[in-house]
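Starting from the given sequences, assemble the full structure and let the hints guide the process.
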Amino acid sequence: MTHKIAILGASGYTGAELVRLIAGHPNLEITALAAERKAGQTMAQVFPHLRHMDLPVLCKISEIDFSQIDLCFCALPHKTSQEVIRDLPNSLKIVDLSADFRLRDGDEYEKWYGNPHTALGHQQEAVYGLTEFYRDEIRAARLVAGTGCNAATGQYVLRPLITAGVIDLDDIILDLKCAVSGAGRAMKENLLHAELSEGANAYAVGGTHRHLGEFDQEFSELAGRTVHVQFTPHLIPANRGILATSYVKGDPQSVYETLQSAYESEPFIELLPFGETPSTHHVRGSNFCHIGVVGDRIERRAIVVAALDNLTKGSSGQALQNANLMLGEDETQGLMMAPLFP
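In my numbering, the protein residues as written are 836 to 1177.
It should be emphasised that the hints constitute simulated quantities derived from the structure, not laboratory data.
Keep in mind that this is a model prediction, so the values were computed, not measured.
Straight-line distance between alpha carbons at most 27 Å, and here's what the computed BS3-like set of lysine-lysine pairs gives: (1) Lys1023 with Lys873; (2) Lys873 with Lys839; (3) Lys914 with Lys928; (4) Lys946 with Lys914; (5) Lys946 with Lys1023; (6) Lys928 with Lys895; (7) Lys873 with Lys914; (8) Lys914 with Lys895; (9) Lys1023 with Lys1012; (10) Lys895 with Lys839; (11) Lys914 with Lys1023; (12) Lys895 with Lys873; (13) Lys839 with Lys928; (14) Lys1012 with Lys946; (15) Lys928 with Lys873; (16) Lys1023 with Lys895; (17) Lys1084 with Lys1012; (18) Lys839 with Lys914.
See the structure below:
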């Protein structure tokens, strides 16, 4: 069965990544591509690397006949996304890649994103899109909220450990190195080549990063008590990838065995042999997440390192994985491509 797909926000990095991934899916057909400021242009004009594909011309959202669409990917900025989704047909299946429906509490959304939520009914309906942990809910969902890429990486490391109670919940440090595409495609002075290359910097230091809202929500719910992680992201001069290093108090072997048990049947999570750590090079362009565990020289402390591609497993690949479940497709369909190396 062929499913007709629309992508809103097709001129951004996650939109282009969705197109790339869907091109390898035998049962999805891209019927509409929306990009308000680039309406009337072809995808070849916006993204020359996709010129070999037969794709619809970019249009405005108002021009799409959603009665002919089976599932819509919404790759729009936060705030814009909720306003658009609020007006879409209630029968339409939607995977949202923005931050607008990740937080279940409207006050928490306003705290982290600075504006009141205008679609609270949809917010309550949305299922959090971390596939490996919400698989059954996603399969039955109409609206799925894709996670933040940093939030996904940190959760792959920490969720099983918090659930199993094998680490000290009051002493969790999470350090992330994030590639520049995670900031989107909009022109920003600090992302210019001359400003970014040959350097790295911490940002949102001291607990101001918006993805902390997701960590607080998810980790506290798992633990049945408040859990706050110490989290610092760093911007690195790379196009793709996230490397997360977490420092936890707990027996390293127990940490490893807990992750091994949690992920042994997961198609996209690869736990490395004990003592090995991953590289962003090894997951680039793929839907895989690699995790490694090392024992620290200090007794009963472990270091857990995870690597994933922020545009694929951290965003568009996760979105397609969720869409497969929502449409009754094999979860891995269109996503088993090998990473690009070098």
